[in-house]
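Visitor: Each chain, written out:
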Amino acid sequence: MSSYITRRILQLIPVLIGMSIIVFSIIHAIPGDPATVILGDQATPEAVAELREEMGLNEPLVKQYFSYVSGILTGDLGTSLKTSKSIQEEITPYLMATIELMMMSMIIAIIIGVNAGIIAAWKRASWFDYTAMLVALIGVSIPVFWFGLMEQWIFAEKLGLLPSTGRMNAREPVEALSGLLLVDTILQGNWSGFWDVLKHLILPSIALGTIPMAIIARITRSSMLEVLELDYIRTARAKGLSGFWVLYKHALKNAFAPILTIIGMLVGLLLGGAVLTETIFGWPGVGRYIYDAIGSRDYPVIQSGILIIATIFVFVNLIVDLLYSLLDPRINYR
Amino acid sequence: MKPLLSVQNLKTHFFTDNGVVPSVDGVSFTVNVGETLGIVGESGSGKSVTALSIMQLLPSRKGKIVDGKILFQDVDLSKLSDKKMRRIRGNEIAMIFQEPMTSLNPGYTIGNQIGEALRLHMKMNRNEAEQRSIDLLKEVGISRAEKIVRDYPHRLSGGMRQRVMIAMALACNPKLIIADEPTTALDVTIQAQILELIQKMKKDSSTSMIMITHDLGVVSEVCERVVVMYAGRVVEEASVRTVLESPSHPYTKGLIRSIPRLEQDVEWLESIPGNVPIPSEMPTGCKFASRCEIATDQCMEEEPELYEVGPGHISRCFLAREVKNAITAT
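Protein sequence lines correspond, in order, to chains A and B. Here the first sequence is numbered in the numbering used here, starting from 1 and rising by one per residue. Here the second sequence is numbered in the numbering used here, starting from 335 and rising by one per residue.
Treat the hints loosely; a few may be bogus.
[Unchecked claim] Below, computed lysine-lysine pairings styled on DSS-like, alpha-carbon distance capped at 30 Å: (1) B:K336 <-> A:K249; (2) A:K123 <-> B:K417; (3) B:K481 <-> A:K249; (4) A:K253 <-> B:K534; (5) A:K249 <-> B:K345; (6) A:K158 <-> A:K123; (7) B:K413 <-> A:K249; (8) B:K417 <-> A:K253; (9) A:K123 <-> B:K418; (10) B:K472 <-> A:K253; (11) B:K536 <-> A:K253; (12) B:K472 <-> B:K336; (13) A:K249 <-> B:K418; (14) A:K85 <-> B:K396; (15) B:K336 <-> A:K123; (16) B:K413 <-> A:K123; (17) B:K403 <-> A:K123; (18) B:K396 <-> B:K336; (19) A:K63 <-> A:K82; (20) B:K417 <-> A:K249; (21) A:K123 <-> B:K536; (22) A:K123 <-> B:K398.
[To be verified] Which stretches of chain B does chain A cover? Using the computed rule of at least three CB atoms under 8 Å from a CB of chain A, they are: (23) 381–395; (24) 462–469; (25) 591–603.
[As the list claims (entries may be wrong)] Take a look, some chain B residues computed to stay more than 12 Å from chain A by CB distance: (26) E450; (27) H488; (28) A505; (29) P611.
If you are wondering where the hints come from, they were derived from the structure by calculation, not from laboratory data. The beta carbon of each residue, even a glycine, is placed where N, CA and C say it ideally should be.
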């Protein structure tokens with residue numbers, strides 16, 4: 001197993017190299033001179049020349065690539081053109097905000113989606129099955145921005161139950177340690193802060209988690225239906241096990257592989273595709289950070305943002321691959 | 335003495351998109367304490383559905399017991415709540431299935447799967463259950479039981495897995511074991527081993543057994559009494575010896591004739607022409623009439639009842655006595 005993990009990690013190297021080449025080429029793929037594009041039409045030739053020098057654009061392409069990669073490897077993502085600050089320092093809080101939102105959304109999506117799928121499969125063709133699958137269909141169909149606005153309108157505007165934007169109450173800011181504010185408030189024993197952060201998380205994570213929840217519910221249902229037909233389910237029932245144990249012990253473990261695959265892919269989707277949700281809920285996440293960078297043509301930030309999200313995506317899928325072996329002992333890693 | 339299990343006029347119907355299929359249509363039989371009853375018949379005769387009806391494991395929504403009683407120790411299983419039935423399943427009535435390759439969960443160890451019933455019904459803890467699982471595996475002839483108990487099913491051969499299934503069935507010392515074609519999916523040499531094991535298990539305990547099979551050879555080795563089923567009905571019932579030596583139903587006779595014999599040099603194996611009628615085209619008279627060599631006009635129009643042809647010997651044939659005597663004569 002450990003040799004498998006090593007081999008699997010070694011396999012990541014070409015993937016990561018390929019990724020870095022693509023990200024590196026973004027800046028060179030734009031037509032014309034990057035410095036001119038960044039500074040705009042009105043820039044003086046001196047300013048353009050200065051920026052070219054600063055960005056190292058006068059060096060040979062290969063040398064530029066290697067200095068870019070060696071920068072990344074030493075943890076140097078470059079500086080933002082707009083703020084002239086170090087990108088990794090600037091991006092970390094945004095990234096953590098996105099990760100916190102993504103994890104909350106996935107937790108909601110997995111808990112509700114998997115259970116709804118299981119019950120729908122167990123009570124196949126019942127009113128629960130039909131309702132759950134109709135809700136799931138609606139869930140994948142409604143646009144996030146509309147759903148988010150509706151949530152805000154009902155729960156913040158009409159009922160006044162939950163805050164509509166931001167990560168916390170600006171008047172009582174929470175001190176960030178890891179950047180995952182729920183964790184930070186627990187570590188500091190700041191319970192009112194925890195409650196405040198949690199309240200701010202609820203609406204955006206429901207908005208972001210609805211589509212994954214619907215997808216997970218549908219995958220779980222179909223995967224469970226397949227497994228429930230199998231002989232060993234009948235064996236389990238013949239032993240006198242209750243429906244709960246048959247479903248959650250015997251069926252779910254064998255039905256979980258496709259669900260896990262989908263979860264891995266959804267994590268990637270949520271990391272990069274949360275721009276709409278983040279914008280609607282004023283969430284200071286990485287999606288919005290990159291979006292703003294695109295607006296101001298801050299190419300180093302765009303590059304780094306994409307690189308980080310892609311890297312997380314690759315590693316999440318590595319973890320998914322490793323988890324398969326826990327689900328199915330027949331998978332032989334040698 | 336009261337029988338352990340008494341199935342009375344059991345009717346199990348399947349409700350499909352193409353209409354109602356009466357898979358089991360008025361079946362009655364009894365199993366006494368310590369006895370092994372064989373249920374014999376072709377595919378589609380309703381043997382397995384009978385077994386699943388007793389266990390209350392019919393596919394939900396589709397299969398339903400519409401009439402009859404299943405009295406197990408005087409309790410009607412068909413009327414029990416799911417919760418009460420779960421206390422009987424695996425505990426008082428255990429089942430061995432046909433497909434050892436697919437009947438074990440690939441995701442859990444052998445010990446976990448045998449121990450499950452022990453922890454559930456006997457309230458054993460994890461260690462006790464594992465120890466008992468090892469003992470059970472040894473009883474069913476698995477060497478290196480201490481190692482196998484931590485292995486996953488995919489590492490075991492079909493014969494080994496069927497031994498595991500038998501160990502699982504024996505786990506809680508059930509009063510009745512239903513074996514649904516336990517040897518069908520196995521190699522011939524393994525079949526013999528498994529049958530031997532089943533006989534040994536029976537000798538060691540007072541467990542009653544229902545052996546479902548299409549193989550009269552298996553019946554003759556393991557069973558004391560046999561019920562022959564055809565198209566969801568019992569067509570003949572008697573002791574194994576009587577059925578094999580003087581069958582009184584043409585269908586049973588056909589089954590016996592289709593057993594290959596070593597001492598005879600034949601070019602073709604005997605077979606019963608035709609198939610079990612499809613439920614939607616079930617004839618009004620005797621269900622076997624269309625395949626029967628000696629069917630009369632009466633057989634085509636009227637369905638025969640079960641006639642007593644000897645002590646403990648019943649047959650669903652108008653010509654039962656003639657069939658019986660013809661055999662004895664030849």
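Visitor: Determine for every hint whether it applies to the structure shown.
Guide: Hints and how they fare:
Distance check on the hinted pair: K336 of chain B and K249 of chain A sit about 39 Å apart at the alpha-carbon level, beyond 30 Å; violated. Simply put, K123 of chain A and K417 of chain B have alpha-carbon atoms about 18 Å apart, close enough for the 30 Å limit, and the pair holds. A hinted pair counts as satisfied when its Cα atoms are at most 30 Å apart, and K481 of chain B with K249 of chain A qualifies at roughly 23 Å. Distance check on the hinted pair: K253 of chain A and K534 of chain B sit about 36 Å apart at the alpha-carbon level, beyond 30 Å; violated.
Among the hinted pairs, K249 of chain A with K345 of chain B is inconsistent with the structure: their alpha-carbon atoms are about 33 Å apart, more than 30 Å. Pair hint K158 of chain A plus K123 of chain A does not hold up; C-alpha atoms about 36 Å apart against a cutoff of 30 Å. Proposed proximity of K413 of chain B and K249 of chain A is supported: the alpha carbons are some 28 Å apart, at most 30 Å. The hinted pair formed by K417 of chain B and K253 of chain A meets the criterion: a straight-line CA distance of about 24 Å does not exceed 30 Å.
Taken as a hint, the K123 of chain A and K418 of chain B pair is honoured in the structure, with Cα atoms around 21 Å apart against an allowance of 30 Å. As the CA atoms of K472 of chain B and K253 of chain A are separated by approximately 29 Å, the hinted pair is consistent with the 30 Å bound. For a cut-off of 30 Å, the pair hint linking K536 of chain B to K253 of chain A is broken: about 35 Å separates their Cα positions. A distance of roughly 34 Å separates the Cα atoms of K472 of chain B and K336 of chain B; the hinted pair therefore is violated under the 30 Å criterion.
At most 30 Å may separate the alpha-carbon atoms for a hinted pair to count; K249 of chain A and K418 of chain B meet this at roughly 21 Å. With a CA separation close to 68 Å, the supplied pair K85 of chain A and K396 of chain B exceeds the 30 Å bound. Distance check on the hinted pair: K336 of chain B and K123 of chain A sit about 39 Å apart at the alpha-carbon level, beyond 30 Å; violated. With a C-alpha separation of about 22 Å, the suggested pair K413 of chain B and K123 of chain A falls inside the 30 Å cut-off, and the hint holds.
Straight-line distance between C-alpha atoms of K403 of chain B and K123 of chain A comes to about 27 Å, which keeps the hinted pair within the 30 Å bound. As the CA atoms of K396 of chain B and K336 of chain B are separated by approximately 33 Å, the hinted pair breaks the 30 Å bound. For the given pair, K63 of chain A sits about 25 Å from K82 of chain A by alpha-carbon distance, which is consistent with the 30 Å threshold. Distance restraint check for K417 of chain B and K249 of chain A: the Cα-Cα separation of roughly 18 Å lies within the 30 Å cut-off, and the hinted pair is therefore satisfied.
Taking the CA atoms of K123 of chain A and K536 of chain B, the gap is about 39 Å. The hint is violated against a cut of 30 Å. Distance restraint check for K123 of chain A and K398 of chain B: the Cα-Cα separation of roughly 17 Å lies within the 30 Å cut-off, and the hinted pair is therefore satisfied. Coverage of the stretch 381–395 of chain B by chain A holds. Counting CB-CB distances below 8 Å, 3 residues qualify, and the rule asks for three or more. By the rule of at least three residues with a Cβ nearer than 8 Å to a Cβ of chain A, the coverage given for the stretch 462–469 of chain B is violated, with 0 such residues.
With 0 residues having a Cβ less than 8 Å from any Cβ of chain A, the stretch 591–603 of chain B misses the three-residue criterion, and the hint is violated. With a minimum CB-CB distance of about 6 Å to chain A, E450 of chain B fails to clear the 12 Å threshold, and the non-interface call is violated. A beta-carbon of chain A comes within 12 Å of the beta-carbon of H488 of chain B; the shortest separation is about 5 Å. Not every CB of chain A is more than 12 Å from the CB of A505 of chain B (nearest about 8 Å), against its label as outside the interface.
Residue-level check passed: P611 of chain B sits 27 Å from the nearest beta carbon of chain A, beyond 12 Å.
Going down the numbered hints, you'll see the structure goes against 1, 4, 5, 6, 11, 12, 14, 15, 18, 21, 24, 25, 26, 27, 28, while the others check out.
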